[in-house]
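S.K.: Below are the chains, spelled out letter by letter.
2 protein chains.
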Amino acid sequence: MDQGPAFFDVVLRQRACRDFAPDPVPDEDLARILEAAVHAPSAENTQPWVFVVVRDADRRRRIADLNRRLWDGGAGLHSRPRLAADLFAEVDASVRTGFGGAPVLVVVAGDGRDPVTRRMLGASIFPAIQNLLLAANALGYGSALMTLATVASAELRSIVELPEGLEPVAVVPVGRPARRLGAPRREPAAAKTYLDRYEA
Amino acid sequence: MDQGPAFFDVVLRQRACRDFAPDPVPDEDLARILEAAVHAPSAENTQPWVFVVVRDADRRRRIADLNRRLWDGGAGLHSRPRLAADLFAEVDASVRTGFGGAPVLVVVAGDGRDPVTRRMLGASIFPAIQNLLLAANALGYGSALMTLATVASAELRSIVELPEGLEPVAVVPVGRPARRLGAPRREPAAAKTYLDRYEA
Numbered sequence: 001m002d003q004g005p006a007f008f009d010v011v012l013r014q015r016a017c018r019d020f021a022p023d024p025v026p027d028e029d030l031a032r033i034l035e036a037a038v039h040a041p042s043a044e045n046t047q048p049w050v051f052v053v054v055r056d057a058d059r060r061r062r063i064a065d066l067n068r069r070l071w072d073g074g075a076g077l078h079s080r081p082r083l084a085a086d087l088f089a090e091v092d093a094s095v096r097t098g099f100g101g102a103p104v105l106v107v108v109a110g111d112g113r114d115p116v117t118r119r120m121l122g123a124s125i126f127p128a129i130q131n132l133l134l135a136a137n138a139l140g141y142g143s144a145l146m147t148l149a150t151v152a153s154a155e156l157r158s159i160v161e162l163p164e165g166l167e168p169v170a171v172v173p174v175g176r177p178a179r180r181l182g183a184p185r186r187e188p189a190a191a192k193t194y195l196d197r198y199e200a
Numbered sequence: 001m002d003q004g005p006a007f008f009d010v011v012l013r014q015r016a017c018r019d020f021a022p023d024p025v026p027d028e029d030l031a032r033i034l035e036a037a038v039h040a041p042s043a044e045n046t047q048p049w050v051f052v053v054v055r056d057a058d059r060r061r062r063i064a065d066l067n068r069r070l071w072d073g074g075a076g077l078h079s080r081p082r083l084a085a086d087l088f089a090e091v092d093a094s095v096r097t098g099f100g101g102a103p104v105l106v107v108v109a110g111d112g113r114d115p116v117t118r119r120m121l122g123a124s125i126f127p128a129i130q131n132l133l134l135a136a137n138a139l140g141y142g143s144a145l146m147t148l149a150t151v152a153s154a155e156l157r158s159i160v161e162l163p164e165g166l167e168p169v170a171v172v173p174v175g176r177p178a179r180r181l182g183a184p185r186r187e188p189a190a191a192k193t194y195l196d197r198y199e200a
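Line by line, the protein sequences give chains C and S. When we follow the numbering used here, the leftmost residue of the first sequence carries the number 1, and every step to the right adds one. When we follow the numbering used here, the leftmost residue of the second sequence carries the number 1, and every step to the right adds one.
Treat the hints with caution; some may be incorrect.
Claimed, not checked - Here are the in silico distance ranges between beta carbons for each label pair:
1. S:Thr97 - C:Asp9: 24 to 30 Å
2. C:Ala84 - S:Glu161: 28 to 34 Å
3. S:Gly182 - C:Asp2: 23 to 29 Å
4. C:Met1 - S:Ala154: 34 to 40 Å
5. S:Ala200 - C:Arg118: 35 to 41 Å
6. S:Ala21 - C:Arg118: 20 to 26 Å
7. C:Leu181 - S:Gly165: 32 to 38 Å
8. C:Pro163 - S:Phe88: 38 to 44 Å
9. C:Arg82 - S:Gly182: 20 to 26 Å
10. C:Arg119 - S:Pro184: 45 to 51 Å
11. S:Ala200 - C:Val151: 22 to 28 Å
12. S:Glu199 - C:Ala191: 45 to 51 Å
13. C:Asp58 - S:Glu161: 38 to 44 Å
Claimed, not checked - Facing chain S, from chain C, some residues (calculated, C-beta under 10 Å):
14. Leu70
15. Gly73
16. Leu77
17. Ala109
18. Gly112
19. Ile125
Don't read these hints as lab results, they were simulated from the structure. All C-beta atoms in this analysis are idealised placements derived from N, C-alpha and C, irrespective of residue type, glycine included.
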């Protein structure tokens, strides 16, 4: 099987996609993307991740409605002065079109029923999500790490029927990008790297 | 420049390395690894990561001592029944040899001085750490996501002179693996994946 493009071409070009084409995402591509996800490390190798792949239009609409309600109810106002104007407009548009019209939303949850696992849930779930984003990119899909809807944890759980204890940590839209994505905007690593000790 | 092995070959083979050869890790390789790290997404694109690359033998020893103290002081006893016997023995040995004798320890911190950024610190830092682990792997290095030493946050901060507010979230050893690493032990994604709704 084709093992995808060269690693650094994938990792240096991965960025958030906020506008999707309606093209379907075949099950076999999603399976490869999620297989990459579960190869991430987790505390004590507990692998506490759960993925609910939401294809159903009604459930996607309910998640998008929840996300928009949270955005309009304060998160948008809060983010406005913190984001560049063009980025804010892009995020705002994607909220209004239901995660940019993505044909698939992956609700990623973490199993926090064990208190120790729960304390380490971020360390154990976000590496898997990053693998998911990268693998989607490697297969030519767009994706994005969205956490806003998880603020309304109980409501999000109820939409995808997650029991208490399985905590949603992200909603990741997946689909073909509506247009070619630009390069990610990042400060160079050198600006964030110190040798042996931090210096202000 | 060589863009590395095929993406899926990297992502499906990445696993924790706990025993390192003493071979040096050149600055240019570390720079590539950290450039991959900073290409991860972060909440509001705040990029709140800080990397302290610890090469100095004395500081590495102090971090290793702290880690061993926490392990011997309870974490090891706690993990023993939770880990397979061979994995426990491997982790225990790596604690005693100072992160398996890795020539470089990267202390990864997150800038939590802004309360909103702080709340999202896990979502904003662990994707970068996963990129770091994968990029190390792509260049033939071993690495591991270790969080135990961050429990003693103030002490770890003091060793690498991080001010309050820059919160250590992981210590990542990097070096050539002492021996060929086996495949990661993971349950298949299908066991963790649901369509449209979770079903117990």
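S.K.: Hint by hint, where does the structure go against what was stated? Just the numbers, ascending.
M.R.: Hints 1, 4, 5, 6, 8, 9, 10, 13, 14, 15, 16 and 18 contradicted; others consistent.
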